[in-house]
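Chemist: Numbering-wise, our numbering puts 278 at position 230 of the sequence shown, and it's gapless, one number per residue.
Hint data in this document are derived by calculation from the structure and do not stem from the laboratory. This one's a predicted model, so the numbers in the text were calculated from it and none came from an experiment. Some hints could be false.
Derived DEER-like restraints, expressed as beta-carbon distance ranges [unchecked claim]:
(1) 136 - 364: 33 to 43 angstroms
(2) 116 - 358: 23 to 33 angstroms
(3) 313 - 414: 46 to 56 angstroms
(4) 404 - 354: 19 to 29 angstroms
(5) 431 - 379: 32 to 42 angstroms
(6) 387 - 97: 35 to 45 angstroms
(7) 358 - 434: 24 to 34 angstroms
(8) 284 - 155: 19 to 29 angstroms
(9) 341 - 367: 20 to 30 angstroms
Glycine included, each C-beta is placed from N, C-alpha and C at the ideal position.
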Amino acid sequence: MTDAVFHAPARLPRGFRCAAINCGIKAAGRDLSLFASEVPGVAAGVFTRNLVPGAPVIVGRELIRSGRLQAVVVNSRVANVGTGQEGIRKARRMGTAVARALKIAPELVLMSSTGVIGAPLPIDLIEDAMETLVAALQDDPLVAAEGIMTTDTHPKALSLSLGDAVLTVVAKGSGMIQPDMATMLCYVFTDAAVEHRDLDCALRRAVEHTLNMLSVDTDTSTSDTCVAIANGRSGAIDPAALEAGLRTALTMMVETLARDGEGATRLLRVSVLGAADCTQARRVAKSLVNSPLVKTMVYGGDPNVGRIMMAVGKCFECRVDPDRLTAAINGVRVVTAGGPADFDEPRVRHLLGEDPVDLTIDLGVGAGEARAWGCDLTPGYVSENAAYYSS
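Start from the sequences and build out the full structure, keeping to the hints where you can.
Modeler: In structure tokens form, the structure reads like this:
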């Protein structure tokens, strides 16, 4: 993908700062985050295709049309979804409060909310905390990553160098994950100088091959947002290098998100080869990571490879020739000519207990390829979501 070097720990690009505080939405822990650039930047974004979008998504689609942003404000615990016109007014108030505190134009502030759907946004708490939030601006992206968490078990941020520039990704998400545009909440910041068209195209292409191929539970969130801001402080970058860096960073973030899926114990990676075309390869890959039977096969370490054949065969719109179908688990052939191969069962059981679990499917009918990411399905997922509204 790219020769980019990752930073440990993650850091923000030049000209960006961030903050997170508790403003009272949660009983404890950070629940309000802010990311801000010293100057306006070129911006691009993609949002959920869910037909019941959150108020911040509705407003965000309007804001991103200008191709310019300077700040992003995010609250957790309450998603501001299903709240009608009042929710939209509160989303705008959220952006206006940031603009006032930073002394910038309101149209340069994107807002996001994540948490319980249908609950009213406590906008007064957010507005009252804004001066404190701005006063807390600092340089560690993990601080702000903590403020956007819901069921995540840890904050998620990573950064890499692209020549003289830095590219940083901050994201959250553990459940209600099968994006149809981007993923959960994901923010990309860079100090590279880039034209809006180049940033928009690079983001969309990178998202299509990474975030859009992630699934924890097949559920497309009402709040999915992926936004990139480039403030240009480190000078111009070749658009191809930027896109390669984006794809590398988002691939690593996808694996981080999948590993932290609600209740998950293992990362599941599915690679499909030999499909009739890339669209069909993507369909088959998603079928496998989404199958509850494949996911529980991984969780239980049970090499019931008939489940793999089932998940391929139910892709009715795809070209599948059973006589050409092969599959492997972590490099061991388990399906050949459309039926179970003669494999060492104890060894495969052991491999299913490793992290990650790599499933490789070869349809043998063309040149289409795709990769999808997911996780196993465990009792922890059921427990987490059986009490989410009340937690």
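Chemist: Are the hints correct? Go through all of them and say.
Modeler: The hints, checked one at a time:
1. Under the hint 33 to 43 angstroms, the C-beta atoms of residue 136 and residue 364, about 40 angstroms apart, fit the expected range.
2. One distance hint, 23 to 33 angstroms for the beta-carbon pair residue 116 and residue 358, is violated here, with the actual separation near 49 angstroms.
3. For the pair residue 313 and residue 414, the beta carbons lie near 34 angstroms from each other, so the given range of 46 to 56 angstroms is not met.
4. Our hint of 19 to 29 angstroms for residue 404 and residue 354 holds, since their Cβ atoms are close to 22 angstroms apart.
5. Under the hint 32 to 42 angstroms, the C-beta atoms of residue 431 and residue 379, about 33 angstroms apart, fit the expected range.
6. Look at residue 387 against residue 97: about 38 angstroms separates their beta carbons, and that is inside 35 to 45 angstroms.
7. With their beta carbons about 27 angstroms apart, residue 358 and residue 434 fall inside the hinted range of 24 to 34 angstroms.
8. One distance hint, 19 to 29 angstroms for the beta-carbon pair residue 284 and residue 155, holds here, with the actual separation near 26 angstroms.
9. With their beta carbons about 23 angstroms apart, residue 341 and residue 367 fall inside the hinted range of 20 to 30 angstroms.
Checked against the numbered hints listed earlier, the structure breaks hints 2 and 3; every other hint is satisfied.
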